[in-house]
Amino acid sequence: MKGKLVASVEEAIRLCGLKDGMTVSFHHHLRDGDGVLPMVMNKISEMGFHDITVSASGIHGSHGCLVDLIKNGVVTGIDTDYISKVVGLSISHGSMDRPVIFRTHGNRPHAIAVGESPIDIAFIAASAADCQGNMNGVSGPSAFGSMGYAFADAAYAKKVVVITDNLVEYPLTPISIDERYADYVVAVDSIGDVNGIRSGITAVTQNPMSLEIAKKAVSVFENSGLFEEGFIYQTGGGSISLATTKFLQAAMDRKGIRGSAILGGTNGLLVDLLEKGYFRKIMDIQCLDLDAVESIKRNQEHQEISAACYADMLSKSCVAKHLTCVMLGATEIDLDFNVNVHTDSNGIIRGGSGGHTDIAHGAKLTIAMAPLLRQRRSAVLEHVTTKSTLGDSIDVFVTQRGIAVNPKRPDLRSRLVDAGLPVKEIGELYETARALAGKPDPLPFTDKVVGKVYGYDGQLSDVIRQVDESKAAV
Amino acid sequence: MRRSIMFLPAAKPGNLLNADVYGADGIVIDLEDATAIGEKDSARILLKHALRTFHYNAEVIIRINSLSTPWWKADLEMIVPEKPDTIMPTKVYTPNDIRLIDETITRIETEHGMEVGKIRLLPLLETAGGIEHAYEIALASPRIDGLYLGAVDLALDMKATLTDESYEIAYARSRLVTAARTVGIDAIDTPYLQVRNYEGLQKVTRIVKNMGFNGKACIYPGQVSYVNAIFSPTAEEYEIAKAVVSAFNQAESEGRGVVVVGGKMYDGPAITIVRNTVEEYERINGVRT
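Which chain is which? The protein sequence lines are G and B, in order.
Per my numbering, the very first residue in the first sequence carries number 80; after that it's consecutive.
Per my numbering, the very first residue in the second sequence carries number 25; after that it's consecutive.
For reference, chain G alone in the conformation it holds in the complex (with noise of 0.2 Å):
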C-alpha cells in the first residue's frame, strides 16, 4: 500500500521542496465546504514560510484563513477565478502589495499551460485516492463529483500531492486524473463538508420578479433564429438563470424539440432535464448540489470534463465555442454592455468571472438578465465599475422592464421585435432606472490597483482598485 504514501501534509510540503516565494494551487471543488486549502496553507503559515502565491481556481467562504495569512506575509500572491466576500473584503481594502490576477475558468488551464501561470506544488482535493495517486471526485463520503478544475494544475505543476480522505486499494476505479501525475498521496481524515458545495439554489425560485424575467429570456432565445433541435446550452448559477429552466422546457414541448447537451456547473435542476430526456448530456466541469454528484457518479451521459475542455478560447476547440445559448447574471450592465460580476456596488470584490466571459465569448447568442433596480441601484449604469465580460460578447439584456439588444446584432433585435417582445435601447432601460433611483453617486477609490482583471483571451480587461476607506460606505 505504500506507494507514494507519505505520512502527513507537511511531509509532503517538505519532500515537494517548498520555499519562500513559491505557488501552490489548490481547485475549489468542494466550494464553501472545502477543508484542504486552510489545512495545507496553515500547515505552510506553521511551517515558517512566508510570500507564497496561492493559485486557486476560485476562492469561497470556506477560505477566510487567507485573510489572516495575508496580513502576515505567508500569503502575497493570489492567481484565481473567483474570490467571494470575505477575502474580497480584505483585498479591497488593500491588504495586498500586489495585485490579485483575476483569470476566467477557461483561460486559467491555458495560462498554466504555457507558463504564464506556473504553478509549484498542487495540493488536490480527491473524494477517493489510491497509493499510487490515482485520484477521483466521485467516490467515498465526501465526493463532490467534476474534478474539472484540478486537470491542468495536475498536469502542469512541477509537483503533485493528492490529498484524500478516503484512501483505497490500487487500482482505484473510476479514474479522473491518473497516478502519472502524482508524486505523493496524503491520507487526512476530512477533505471537508461536502455539504457545502451547494449553490444555495436547489429549486427554480418562486420569486415572481425571477421568473418575470427568465421567462423573458427564454421567450428571447425561442424567437431567436436559434432555438432548433441539438441545440447546446448553458445557465449561470444564479437564481434567474436557472429559472430559465422552467420555461425553456415548456419551450421545448411547444416546439417539439430537444438539446445535445447542457454545458457547465450542474445541479438537481439540470440533472433533472437530463432524465427527463430534455438533453442528451451533460458536460460537467463541477458539481453543485448532492444531485449533480450522484449524477455524474451513476449516469454515463454525464460527463466529467476539464476547465480546458470547457472553455479554453485558446485552444484549438472546446466545448464553450459550441454553444447555441448562455443565460447568465450581472451585477452591472453598462451601455456599451460590459458586465460586471467581479465587484458589488460598493466596489468591494464579491465575486469573479469564473466561466462567465469565456461563455458569454462562445456562445450563438448571450443573454445577461438582472433586475432593473436592486433596492435602489440600478443595474445599467453609464459605466461599470469592473469590466468582467466585455460587452461585444453580450447579445441581450432582459430586465423585468425590457430587453436590450447589443447595437451589433440588428438581426437579432428585428426578430425580437417582429415576435412582439418588449425591445428598448439599453440607454431608455438606464433612464427608466435613473429617473427612479437617481444617479448614483461615484464610488470612492484610491490609486492603488488591488486586482488585475484577465479575458477569456488572457488580455487585461480592467483592473480593480483599492476602497477608499476614508469615504466609503462600507
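Don't read these hints as lab results, they were simulated from the structure.
Values in this document were obtained by computation on a predicted structure and should not be read as measured data.
Beta carbons are placed, not taken as given, at the ideal position from N, Cα and C, and that holds for glycine.
It is possible that some hints are incorrect.
Residues from chain G shown here face chain B by an in silico Cβ test under 10 Å; the list is partial [stated by the list, open to error]:
| id | residue |
| --- | --- |
| 1 | A266 |
| 2 | Q285 |
| 3 | P287 |
| 4 | M288 |
| 5 | L290 |
| 6 | E291 |
| 7 | K294 |
| 8 | Q454 |
| 9 | T478 |
| 10 | Q479 |
| 11 | R480 |
| 12 | A514 |
| 13 | L515 |
| 14 | P519 |
Okay, derived cross-link-like pairs now, BS3-like style, lysine-lysine, Cα gap no bigger than 30 Å in a straight line [claimed, not checked]:
| id | chain 1 | residue 1 | chain 2 | residue 2 |
| --- | --- | --- | --- | --- |
| 15 | B | K227 | G | K334 |
| 16 | G | K503 | B | K36 |
| 17 | B | K36 | G | K325 |
| 18 | G | K518 | B | K107 |
| 19 | G | K237 | G | K294 |
| 20 | G | K518 | G | K487 |
| 21 | G | K325 | B | K107 |
| 22 | B | K97 | G | K294 |
| 23 | B | K142 | B | K233 |
| 24 | B | K233 | G | K325 |
| 25 | B | K72 | G | K503 |
| 26 | B | K107 | G | K334 |
| 27 | B | K72 | G | K518 |
| 28 | B | K36 | G | K518 |
| 29 | B | K36 | B | K64 |
| 30 | B | K233 | G | K294 |
| 31 | G | K503 | B | K227 |
| 32 | B | K266 | G | K334 |
| 33 | G | K150 | G | K122 |
| 34 | B | K142 | G | K294 |
| 35 | B | K266 | B | K227 |
| 36 | G | K150 | G | K294 |
| 37 | G | K355 | B | K227 |
| 38 | B | K227 | B | K142 |
| 39 | G | K518 | G | K395 |
Once you have looked at the hints, place chain B on chain G.
Okay, now just chain B, sitting in the frame of chain G:
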C-alpha cells in the same frame, strides 16, 4: 380590457415599483385589508408618491377602505388628486354607498380643477346585501364600469364556507354577472386563493368565463398569465372567427343572414360573438387591420 386585475399592498415600495411588469391589465393597489391599521397613513402617503413617480403600463385601480371605517374619506382626499384610473369602493351594500363616494370624488375633482367624472368606479360586492342590490348598485353612478365579486368577505357575511367546488358562491356569481351584463359593464370574479395551484386556477377561471365574466382578480403575479390566457381568444379561435366574419359579410352582401362555416351555422348573436372574438384578439395582440 380587464382580463386580469392584480392586487398588491400599498405599503410595500418594492411591490409598487414593479406592479405592472407581470402583464395584468389592471393593478389594484390596496389601502384596505392588505394595509395594516397602523400603516394606513404611511401607506396612503407612499401611494401618493408612487402615483406621482411611476408611470404604470396598466389600469391603476385603488382599493379604498369601506364607508364603515374612519379611513375612506382620507383615502379619497389623498388619492383622487393623483388621478388614478379607477377607485374600488369596498363592502358596498346599497346604491347610496356609491352615491356618497361619487359625490365625494366629484367634490375633490372640482376642488383640484380636475375633469369631473373621469375617475371610474369598480365596486367590490362582498356582502349579501351588496349582491342582492347588484343591479341598483351598477346603475348608481355613471362612473361605474364594472362590478367585482369578493368571495371571502361574502362567505363571512353569509356564514358560508368557501370550498373548491364554489357552489356556495354560484348564486352570487350569477347575480353579479347578470346585473353587470344588464347594464353593459364588466364583471370581474373573485381571486383564486391557492396561489400556486395553477390547475385549480385554470379550472375555475374557465368556469367563470363560461358564465359571462370577462376577468378575474389575481393575488399572486404567477396567476396573471394563466388568467389572461383563458380570457384571450386563441390564434385558432381568431382564424375561425375571421373566416366566419368574412363568410358572413359575403353572405350579407348577397342578401342572406345566415352562414355555414366548418359545418356550423352562424346568424344574429353568433355573428356578434365571433366579431367580438376578432376584435378582442386584435386588440390584445396588437394586430393592425
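Do the alpha carbons of K503/G and K227/B lie within 30 Å of each other, as the hint requires? Violated: K503/G and K227/B sit about 36 Å apart, past 30 Å.
Pairwise hint evaluation, K36/B against K503/G, where the allowed Cα distance is 30 Å at most: The hint holds at about 27 Å.
Would the hint on T478/G stand, with a C-beta cut-off of 10 Å toward chain B? The hint holds - T478/G has a Cβ within 10 Å of chain B, the shortest such distance being about 9 Å.
Agreement of hint A266/G with chain B interface, Cβ distance less than 10 Å: violated, 49 Å
Minimum Cβ distance from A514/G to chain B below 10 Å? This interface hint holds because 8 Å falls under the 10 Å limit.
Starting from K72/B, check that the Cα of K518/G is at most 30 Å away, please. holds, 23 Å
Hint validity - Q454/G Cβ closer than 10 Å to any chain B Cβ: holds, 8 Å
Mind checking the alpha carbons of K142/B and K294/G for me, to see if they're no more than 30 Å apart? violated, 36 Å
Compare the distance between the alpha carbons of K355/G and K227/B with 30 Å, and conclude whether the hinted pair is satisfied. holds, 27 Å
Take the C-alpha atoms of K518/G and K487/G, compute the straight-line distance between them, and say whether it is at most 30 Å. Measuring from Cα to Cα gives roughly 27 Å; hence the hint holds.
Using the nearest Cβ pair, does Q479/G come within less than 10 Å of chain B? Constraint on Q479/G satisfied, holds at 4 Å.
Is the Cα-Cα distance between K325/G and K107/B 30 Å or less? Distance ~39 Å between K325/G and K107/B Cα, so the pair is violated.
Going through the hint list in order, the structure does not satisfy hints 1, 14, 19, 21, 22, 26, 31, 34, 36, 38 and 39.
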